[in-house]
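Enquirer: Go ahead and model the full structure; you've got the sequences and the hints to work with.
Protein chains: 2
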Amino acid sequence: MSEIRSQDIEIRTSGNARSAVKRVAIVEAATTLFLRDGYLATSMDEIAGLAVVSKQTVYSQFGDKENLFRDVVTAVVDEAATPVFAEVSILPDGGNLESDLRDLASRLLARVIQPRLLQLRRLVISEAGRFPELGRLFYERGPGRTIGALADAFERLAASGVLRIDDPQLAAEHFNWLVMSIPINRVMLCGEDALPRGADLNRYAQAGVGAFLAAYASR
Amino acid sequence: MSEIRSQDIEIRTSGNARSAVKRVAIVEAATTLFLRDGYLATSMDEIAGLAVVSKQTVYSQFGDKENLFRDVVTAVVDEAATPVFAEVSILPDGGNLESDLRDLASRLLARVIQPRLLQLRRLVISEAGRFPELGRLFYERGPGRTIGALADAFERLAASGVLRIDDPQLAAEHFNWLVMSIPINRVMLCGEDALPRGADLNRYAQAGVGAFLAAYASR
Chain A
1 MSEIRSQDIE IRTSGNARSA VKRVAIVEAA TTLFLRDGYL ATSMDEIAGL AVVSKQTVYS
61 QFGDKENLFR DVVTAVVDEA ATPVFAEVSI LPDGGNLESD LRDLASRLLA RVIQPRLLQL
121 RRLVISEAGR FPELGRLFYE RGPGRTIGAL ADAFERLAAS GVLRIDDPQL AAEHFNWLVM
181 SIPINRVMLC GEDALPRGAD LNRYAQAGVG AFLAAYASR
Chain B
1 MSEIRSQDIE IRTSGNARSA VKRVAIVEAA TTLFLRDGYL ATSMDEIAGL AVVSKQTVYS
61 QFGDKENLFR DVVTAVVDEA ATPVFAEVSI LPDGGNLESD LRDLASRLLA RVIQPRLLQL
121 RRLVISEAGR FPELGRLFYE RGPGRTIGAL ADAFERLAAS GVLRIDDPQL AAEHFNWLVM
181 SIPINRVMLC GEDALPRGAD LNRYAQAGVG AFLAAYASR
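Line by line, the protein sequences are chains A and B.
No gaps in the numbering here: position 113 of the first sequence is 113 in the working numbering, and each next residue is one more.
No gaps in the numbering here: position 73 of the second sequence is 73 in the working numbering, and each next residue is one more.
Worth double-checking, as some hints may not be accurate.
Quick list of simulated restraints, FRET-style, between CB atoms [stated by the list, open to error]:
1. B:E98 <-> A:R197: 35 to 41 Å
2. A:A75 <-> B:A199: 35 to 41 Å
3. A:R197 <-> B:R130: 31 to 37 Å
4. B:E46 <-> A:R197: 39 to 45 Å
5. B:N96 <-> A:G63: 17 to 23 Å
6. A:S89 <-> B:G148: 37 to 43 Å
7. A:R164 <-> B:D103: 22 to 28 Å
8. A:P115 <-> B:E79: 31 to 37 Å
9. B:N202 <-> A:A214: 21 to 27 Å
10. B:D103 <-> A:Q114: 38 to 44 Å
11. B:L50 <-> A:S60: 25 to 31 Å
Okay, the calculated bits of chain B under chain A, using three or more residues with CB under 8 Å as the criterion [as the list claims (entries may be wrong)]:
12. 138–145
13. 178–191
Over the 10 Å line for every Cβ pair with chain B, so calculated as not near, a few chain A residues [as the list claims (entries may be wrong)]:
14. L33
15. Y59
16. S89
17. D103
18. A128
19. N185
20. A207
21. G210
Please keep in mind that the hints were generated in silico from the structure rather than gathered at the bench.
Heads up, the beta-carbon is just placed ideally off N, CA and C, and yes, glycines get one too.
Expert: Structural data, given as structure tokens:
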């Protein structure tokens, strides 16, 4: 009896593992195709083909294309936002605030301007009329989460007297957009070729931190 | 002879006038359909139908759909950006800078969040892979022009000692995005329903001006 049960478990586990591998392959294939061809122009058949699974597997795993889009948004945004969140969370209370914020801004911007994330931002914006809840998902797991972590950090820094802030949430939004608005808006409107590179990109991050500290640092 | 020539002129003039009226009707119809259905999903036939002109007239006036898209971008952006440009240009050198900037920020934001302009921004962003030059057109006639006018104004205000600015272009970008980033990014990602209204919207404009002055006003 116990041997049979253990076999059962093994079969179920390896079934689960195979299923998880397929899920990842499907999300990966859907990401590639959605970002390359757009949401409407991509069929479940093509996704199944690229993931090398049956169309039935795609439907049984995800239900429909919109659900799969939701998983794509979650996967791509989390990949960038989870390390950003971690970096903001460990922003030290003491030390040299200016150099800490300058380092943080460079790292945040470098993560946010990854091509896949920019392409997904473009796709989510273009589909926001049809799928506003996917845009909200992007916002909440991406910029919203970063801004929330920044607000917590700024509240601590205000309590310890190094920043002078009435509304930590608003100050966090200002920090985020002072660092990111110029390059992100340039890319969104003018395409990936318009992304400032290297030193130019970092100049925007540093200028954003400079303006933020001039506005919010205690004197 | 002279009578015939005058008739010729009259016929030509009324031909030009009719042609100009048709052009406006075609651009108006194309704007409605592009913003409602997207660029690819809109046909020249539908545009001709809504404008009540022949398809041949659409082609003879605009050449192709991409050229017509260019005219749509120009018309919609100019409608918002031309008064913005005028308002920034008359920013007084003297007087009460804080209240002038607060008024200006409210007016700029109110113009930029017009539904048609937001929908066009979304459309241009979604088509920037295919038509980056239309995104650049949007940028140059819209935010780029406003930022240029702000940079000129800030340079004057720095020369007269009320602002402390090394790089007027960068300061102008910071002003623009401090005032506009929060609502515009919210709408782009989360859809038109996410647009903050009335007092909430103006709070962002005013907070942006507050941060800008804290960073850039002379002490």
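Enquirer: Are the hints correct? Go through all of them and say.
Expert: Outcome of the hint check:
1. B:E98 <-> A:R197: 35 to 41 Å: holds (37 Å)
2. A:A75 <-> B:A199: 35 to 41 Å: holds (38 Å)
3. A:R197 <-> B:R130: 31 to 37 Å: violated (23 Å)
4. B:E46 <-> A:R197: 39 to 45 Å: Check passed, 41 Å falls within 39 to 45 Å.
5. B:N96 <-> A:G63: 17 to 23 Å: violated (59 Å)
6. A:S89 <-> B:G148: 37 to 43 Å: holds (39 Å)
7. A:R164 <-> B:D103: 22 to 28 Å: Because 26 Å falls inside the window, the suggested range holds.
8. A:P115 <-> B:E79: 31 to 37 Å: holds (34 Å)
9. B:N202 <-> A:A214: 21 to 27 Å: For A214 (chain A) against N202 (chain B), whose Cβ atoms are near 24 Å apart, the range 21 to 27 Å holds.
10. B:D103 <-> A:Q114: 38 to 44 Å: holds (39 Å)
11. B:L50 <-> A:S60: 25 to 31 Å: At 44 Å between Cβs, range violated.
12. 138–145: Holds, because 3 residues of the stretch 138–145 of chain B bring their Cβ atoms closer than 8 Å to Cβ atoms of chain A.
13. 178–191: This one holds; 9 residues, not fewer than the three required, reach chain A with a Cβ under 8 Å.
14. L33: holds (14 Å)
15. Y59: Its Cβ never comes within 10 Å of chain B, the nearest being 26 Å, so this holds.
16. S89: holds (22 Å)
17. D103: Nearest chain B Cβ is 20 Å from D103 (chain A), so the label holds.
18. A128: For A128 (chain A), whose nearest Cβ neighbour in chain B is about 5 Å away, the distance does not exceed 10 Å, so it is violated.
19. N185: N185 (chain A) is in fact no farther than 10 Å from some Cβ atom of chain B, at 7 Å.
20. A207: violated (5 Å)
21. G210: violated (8 Å)
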